[in-house]
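Residue numbers (my numbering), protein chains in the order written: chain A, 1 to 168; chain B, 1 to 168.
There could be a bad hint or two in this list.
Just so you know, same-sequence chains aren't split out, so a pair can sit in one copy or run between any two.
[Said to hold, decoys possible] Think about it this way: if two alpha-carbon atoms lie no more than 20 Å apart in a straight line, the pair counts; the simulated SDA-like pairs of lysine to any residue are:
#1 K162 with N45
#2 K13 with T160
#3 K31 with D47
#4 K105 with G159
Keep in mind that the hints were calculated from the coordinates and are not lab data. Everything numeric in this text was worked out from a predicted model, so none of it was measured.
Number of protein chains: 2
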Amino acid sequence: MAEQRTEAIEKLKGFLEGIDFTMLTTISEGKLHSRPMSTQEMDENGDLWFFTQDDSRKIEEIEADNRINAAYSDPDGNTFVSVFGRADVVKDRAKIEELWSPIYKAWFPEGLDDPHICLLRVHVEDAEYWDAPNSKIVQIAGFVKALVTGTEADMGDHGTVKVNPAGA
Amino acid sequence: MAEQRTEAIEKLKGFLEGIDFTMLTTISEGKLHSRPMSTQEMDENGDLWFFTQDDSRKIEEIEADNRINAAYSDPDGNTFVSVFGRADVVKDRAKIEELWSPIYKAWFPEGLDDPHICLLRVHVEDAEYWDAPNSKIVQIAGFVKALVTGTEADMGDHGTVKVNPAGA
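Using the sequences provided together with the hints, build the complete structure.
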């Protein structure tokens with residue numbers, strides 16, 4: 001079981017590598033809203049990490065309802081990933097330092113001492129991916145079919161990974 | 001009011017032009033799932049149109065809960081758009097013919113007579129966009145700040161458009 005979980009995380013990591021931005025969808029006042037976020041890392045537990053500010057609107061939304069979808073799109077590479085998970089706000093100084101880079105000072109002028117700097121952690125439950133190797137035209141045809149109609153890919157690679165299934 | 005609505009639709013259309021695929025998020029069994037979909041058009045009412053099959057899982061989900069988010073990402077162009085709307089299934093033959101292209105025969109082998117061919121229409125309520133002109137490095141810096149932290153862009157263009165506000 002632990003091995004399967006590690007495999008699922010490694011598979012997912014492979015897909016997300018090179019797709020920096022995700023559209024993170026939250027539920028707010030009965031609506032679904034998304035915004036671009038830059039992914040800092042997927043850690044060894046399969047958790048996704050983002051920098052944010054504790055006074056931002058999405059933090060309010062997440063505190064009211066922690067369910068999120070993180071959608072990763074790489075149209076050039078024909079890779080799309082849907083991640084479902086639950087988000088929480090983390091103010092762990094050690095983790096902030098671990099992910100910190102001096103270039104972030106541009107938007108946190110006070111750096112690590114910014115009173116609002118915090119991390120958003122997404123505890124991933126499951127994910128679904130659509131992936132087509134670019135080299136095979138037949139697979140792309142099957143994949144395009146999947147994309148146009150939103151069905152499963154006929155010949156491209158499509159599947160789900162359970163990282164932390166609810167109730168497990 | 002009608003003029004403002006037309007302007008909102010034109011603005012949104014401009015952003016979506018050239019971003020074929022969207023990640024369409026639905027709510028299902030208490031989770032948020034997304035999948036890549038190819039956008040056929042945004043019509044003069046601001047409705048989004050997609051081809052799909054009436055026996056697909058997302059149609060089931062939409063019939064149970066019609067709220068969706070359509071997330072458009074163009075990382076190369078620094079453009080990201082979040083669209084909130086309500087989806088329904090449309091089996092209007094005239095509209096299907098209007099959007100039909102012979103290349104779609106690859107995935108609807110029976111063409112227009114495919115018993116499952118249908119359209120998904122998204123009635124857009126509001127949208128939010130993040131857009132940075134590529135030519136101005138300062139604006140990009142501000143924009144990257146917005147992206148990393150999920151806050152509003154400092155110098156890039158960010159805003160909301162109300163297409164069909166609920167209750168209006």
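Hint check:
For the homomeric pair K162 and N45, the shortest alpha-carbon distance inside one copy (12 Å) is at most 20 Å, but the shortest distance between copies (40 Å) is not. Taking the shortest alpha-carbon separations for K13 and T160, only the intra-copy value of 13 Å comes in at or below 20 Å, while the best inter-copy value is 33 Å. Taking the shortest alpha-carbon separations for K31 and D47, only the inter-copy value of 17 Å comes in at or below 20 Å, while the best intra-copy value is 25 Å. In this assembly of identical chains, the alpha carbons of K105 and G159 never lie at most 20 Å apart, being 39 Å within a copy and 25 Å across copies at closest.
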